[in-house]
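In case you want the letters, here they are:
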Amino acid sequence: MLEIKNLHVSVEGKKILKGFNLKVDAGEVHSIMGPNGSGKSTLASVLAGRDGYEVTEGQILYRGRDLFEMDPEERACEGVFMAFQYPVEIPGVGSIQFLTAALNAIRKHRGEEEFDAFEALKLFKDKLKQLQMSDEMLHRSVNEGFSGGEKKKNEIFQMAVLEPSLAVLDETDSGLDIDALRIVADGVNALRGPERAMLVITHYQRLLNYVVPDYVHVLVDGRIVRSGGMELALRLEEHGYSWAGERDPAGVAAARL
Amino acid sequence: MKGKVGLEGYLESFKRFQNGAGRPSWLRDVRRAAIQRCVELGLPTTRDEDWKFTNLAPLTKKTFRPAPGGAKITLDDLAPFVFQGQESARLVFVNGRYVEELSDSCAQPGGVIACSLAQSLGFHRELVEQHLAKHVDYDRDFFAALNTAFMEDGGFVYVPPRTVLQKPIHLIYATTKMSSPVVTHPRNLIIVGEATEAAVVEEYVSMGGDEYFTNAVSELVAGEGAVVEHYRVERESTRAYNIGTVRVQQGRSSNVACHGVLLGGVLVRNNVHPVLAGEGAECVLNGVFMPRGRQHMDNFMWVEHASPHCGSRQFYNGILDDKATGVFSGRIIVHKDAQKTDAKQTNRNLLLSDEAQMDSKPQLEIYADDVKCTHGATIGKMDDDAIFYLRARGIPLERARTLLLFGFAAENLERMRQEPIRRYVEGLITDRLPHGEILKNLS
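Protein chains in written order, with numbering that gives the first Met the number 0: chain A, 0 to 256; chain B, 0 to 442.
Calculated from the structure, these hints are not laboratory results.
From a predicted model like this one, the values you see are computed outputs, not experimental measurements.
Incorrect hints may have been included.
No farther apart than 27 Å at their CA atoms in a straight line, the calculated lysine-lysine pairs in the DSSO-like style are these [said to hold, decoys possible]:
(1) A:Lys124 - B:Lys439
(2) B:Lys60 - B:Lys14
(3) B:Lys380 - B:Lys339
(4) B:Lys380 - B:Lys322
(5) B:Lys14 - B:Lys133
(6) B:Lys439 - A:Lys121
(7) B:Lys439 - B:Lys133
(8) A:Lys107 - A:Lys121
(9) B:Lys439 - A:Lys107
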């Protein structure tokens, strides 16, 4: 599904990712854990195609295709979804209007019939119900005046509607209270499946109690320094990132390649 | 006295006009005083503070003749000018003159009058004499004086006290193809009595007309507790000049919204001048202007707080493309007795091209000591983060831009309380946006 090879990325001349490798297959949930400034959000932004990130070396293949040859919208249409760390408020653009535009862009790309307003609304309401979220947000402008938790829930709702193949969750758990965290986790778990891969990027192990990953990778200073299973997340929680960064057992990072 | 430079054509027209249409005599005196004031004021230039950002040279260098009568348009031509799902009264003016065959004042509650100003001079003289030219400040404003000198026809609306107007009144001013540039001076008088509700739409359109000058003045008198929505929709040809003034006189606890939708015209001046004369009156000045090409749109707000406990809100959003230029001047004047004034002004502008230009100027004149006045202006480009957010959901770049532009204008649309009119205006704005058609299937 996703193969990242020796990725080097700079932002405004500063090297952030310095030889990042990762391979994710369909059906897998990978967690990237790392301290602030380790390059987690840079990774998410590069995957989604945000401007301002200079790839100086390396490659990302998504379903065998060079991801860098695809615009952000094409990536989305091909099934890449990023849940934003900071979802953007868009006054004046209604949530229904926005999500219908997105849904139909993706359906059109897949060669499927576009939904009319009625079908789209029904889908949105069904998804909200499954996610145990209120449909009140449908009648507001996109993220406008939403609390932090509402914005994160809205990301998960969008993900449920757009049904991506590869979901990248960029610190979706940060700042959530326990109830919101459960709703987010349930939403993520509901989407797990053999055809779908997920990359859960997080600072804390907290979300991973609810969304148990198949693999955990520790990102320190632009490189993966350790890889393992859920037990790695638990050890990190106990010992902190300095423990992971201290000893850099060569080969562990590349174990999955 | 500034002299008659540039006014020769108008003065000559005035002589002929006075010979033809002098009646009634009281009107004759007002017209004479007004043309005299035109001469005293002289044509404004960019040296005048109120015209600092609008160069009138292209307008003043040309000679515009009074429009001749007899031009024909048909009911079919008017088919697009309908508020879907809302019966409304329609008064149609072709080249400045009321055309009865094209108009339909429709059934309204008893006592409501919707007719032409020319008719009202005969039938409703008392009402007219009480208010016509009594509110607009033609002592200060050259173009208001010019309009007053030549006023002859336009819309006359009267809503008697305690009447709710269910059907909006739609005034359409159409200019047809002419062999040489013409000028019209539509003059509207809207009198809305105590405890009434009403909506009036003024729409300026070109029907074959290309290069011409519309110099319009409306006086709107809102009685105590009246709730009024006034819309001014400018969608003339991109070679047409339009200078329009809406002067609102507000009674106690009245609530008036003046909506401006500026799409057409090569040089547009949008004067909105409410006077909050009665205690507790509130007004909203809500506008969206979208110049492109070489269009110039100047929004000149002049809000006078003359009584205590009044509130005013100004929300003007501009979207400027190509080499277009825009102006927002928001003057708030708080008179000495207008304590507890609450005045707010916001002007937001999006520049879609490097060559577009916007000047935004707040002006506060406060003579009372217990008031709350705020103003804010922004001029910027589209939000890259928002564009990326939409693209990251699969929405192509061009569509993402269209959605965001719509969202920007939608803030103004949301303040329009008459839903059928709001939808009508929304359609005009949508048609105006690049790729606007994509918005039609989204809600």
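Hint check results:
no., hint, result
1, A:Lys124 - B:Lys439, "holds (21 Å)"
2, B:Lys60 - B:Lys14, "holds (21 Å)"
3, B:Lys380 - B:Lys339, "violated (36 Å)"
4, B:Lys380 - B:Lys322, "holds (15 Å)"
5, B:Lys14 - B:Lys133, "holds (24 Å)"
6, B:Lys439 - A:Lys121, "holds (18 Å)"
7, B:Lys439 - B:Lys133, "violated (45 Å)"
8, A:Lys107 - A:Lys121, "holds (19 Å)"
9, B:Lys439 - A:Lys107, "holds (16 Å)"
The structure shown violates the earlier hints numbered 3, 7.
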